[in-house]
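Student: Going down the list, the sequences are from chains U and Y. Residues 1 to 447 (the UniProt record's numbering) are what the first sequence spells out, left to right. Residues 1 to 325 (the UniProt record's numbering) are what the second sequence spells out, left to right.
Everything labelled a hint here was simulated from the structure, so no lab data went into it. Any given hint could turn out to be false.
To be verified - Residues from chain U shown here face chain Y by an in silico Cβ test under 8 angstroms; the list is partial:
1. 98
2. 279
3. 399
Quick reminder that beta carbons are idealized off the backbone N, C-alpha and C, glycines included.
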Amino acid sequence: MLRRDSTRRLAVAGVVLLAASGCGYLSGEGGAGGGGDASGIDCSPYEQWEDIGGSVSLYSSIRDEEAERMDRSWADFEACTGIDIKHEGSGEFEAQLPIRLEGGNAPDLALIPQPGLLERVVSDGHAVPVSDGVKANVEEGWGEDWRSYATIDGELYGSPYGANMKSMVWYSPTYFSENGHEVPETWDDMVALSDEIAESGTKPWCVGFESGDGTGWPGTDWIENALLRTGGTETYNQWVSHEIPFDDPKVAEAFDLADGIVRNPDYVNGTFGDMESIAITSFQEAGLPLLDGGCAMYLMGSFYSAQFGEDVEVGEDGDVYGFVLPPLEAGAEVPVMGGGEFAVPFADRPEVAAVHEYLSTPEYANSRASEGAWVSANQNMDTSVIEDPASQFAAEVLLAEDTVFHFDASDSMPASVGTDAFWTGMIDWVTGSSTDEVLEAIESAWP
Amino acid sequence: MEFSFLNELPKIVWMLIGIAVFLAVIGLLLVLVDLPRTRRDRWQAFLFLAPALLLLLGGIVYPGVRTTLLSFYDRSGETFVGLDNYLWMFERPEILQVLFNTLLWVLFAPLLSTAIGLVYSVLVDRSRFEPIAKSLVFMPMAISFVGASIIWRFVFAYRPADQEQYGLFNQIVVWLGGEPRLWLLEQPINTFLLILVLIWVQAGFAMVVLSAAIKAIPADMVEAARIDGAGPFNLFFRITLPTVWPTLLVVFITITVQTLKVFDIVRTMTGGNYGTSVIANEMYSQAFQQGQTGQGSALAVFLFVLVIPLVVVQIRRMRKARELA
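Assemble the whole structure, with the sequences as input and the hints as a guide.
Tutor: The structure is reproduced here in structure tokens:
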């Protein structure tokens, strides 16, 4: 009995002691958080945000090396303003963000890569409109095309962050010059070139739709690019907002255009097998045969340069480079399709507004771009700071005066179409379903 | 940011507080249990059950009730839609396929794993190589479903006929003079190939449990049967099978529940594409990737309803066994 009593007393004493010492720690700021040493940094660009302090949580799908580059890109800002930016990247961002929002665990800022998801978090009442400072920056830096994706009911809810260009055809300049091929100027040229290459016994195109639980999305890029060429901006926008049904004849026309390449047994699928192999070839490995002449062309976003090894030279005279998917007729407007993230605030504390404001400045775009492998569509960005040729190419196209940017349609459609039915439709399309069947199935999934 | 012990201290303090609170609760329980003996048994039972009850309430009952409620609402969880989500489930052809695939899984996976486990354990029983033979089949149990799926993805990998195969399956096909095929694309073979992965992992479990049951058969019973002239066939069907029957059922039901909930294999091998999705995978995809909370919840409730009878059977059997003991 005595033994047990003394144990009990000891336990109680221990609890009290621990609680007391713990509270002391927890009530304080705890450890050395926040900025860092500001000496040796020119703080003049950050003057307007000085003396705010605090910490801001930023949630995104960006991880690993990209995340480290991000951390470096705002290090000076943190050091000068004393605001601590806590970035967290998640591989399940799209699924986790709504869960966090509904669970009352909202981040201060999130980098949302889909206008569809942005609209969803706004209509569910989680996002707050951007501050006036951000609004001014966005109006100065981005065109109407970009702004419209973050504007809901006349209110701006986010600022564009990074951008990528998905109307890009990767090719090997070495292979092209060795075989006397030229970069095609029109769609027909491209088809003629494909025929020529096919005759020489090489499959001209590499295509791969596999991407884990996102399998099918590279296919949507083909259709979107084709529709921009056959139907133009207006049809494209009507299609995205479902003013015309998914199985409209105009959309079928775009499928037919893409069909001429993606489902042409003479054209696909460089070293991977026949048409059906498209469904199980991952988009990451699909473009690699370009390097050894296994295929000649590969439609994939500007971000694909990350897939090539260190020893591969990306450049106009290098091992691989890109050209913009040509228009149907020579000299016609070249429509550009792509994606990007939007920084969306979920809190209006001054430090959150300060960070958001900084992220929407051209100064930040330059800082981030100089870290490499990143492009912004901010018109005031200095493209000379970009070192990597693929990003440089993407930036030139995105920032060109006459470029009308179209956001990736599947990212703007309702999730049950844009991240499900459209994707599975593309898989079915390359594994034997007819265009009509696919169109009908996707249309019937529209909520 | 680098790991700094000082920065992490508050977390560690929180953890210690957590442990201390846990100990305090246990201590409090011990104290209360020691109180004067008025209706002591009931109090004791209640106090010991309380933590488990609390966890059950918070971890199962509350989410269960909420999921059921959500299954009657639209994706925002605000507008009541009645049975729409359930009708949707039985109307959409792709969801019907998901239900059909789940049926295929439930029909084949538990039956085959249990059968293979049983036959194998009978065959190797008391043979010279028993320990090695058993560990060979049991080893896959140590691999997670995700790990196993990645291994099997390589087994089914495809390269065109004019190239070297790296997938074992297609290499064998080529050796036998056939053309390599896109195994994971071909419906409905692909679902069976995924089922194979589950069998590969679960047969070991069935084998070990059943082998133990076979070893527990009294030797005199087997001997008596032998003396009466029973051959191996009769021995298996008249002695072994009836004796291990209760164990067999437990194994069968356990694997069936596992099969109904299968998620990792489908997600890793095909991502639910190519017509291989099952209820658990579709539920996740609907609720979390597409934000269709209502439809996802309806699938979850449906899955729950399918599992309940199995659990009830299991509990009944356990109770019966206890009464007999």
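Student: Look at each hint and say if it fits the structure.
Tutor: Results of checking the hints against the structure:
1. 98: holds (6 angstroms)
2. 279: holds (6 angstroms)
3. 399: At 33 angstroms from the nearest chain Y Cβ, residue 399(U) fails the 8 angstroms test, so the hint is violated.
Of the numbered hints stated above, the single one contradicted by the structure is hint 3.
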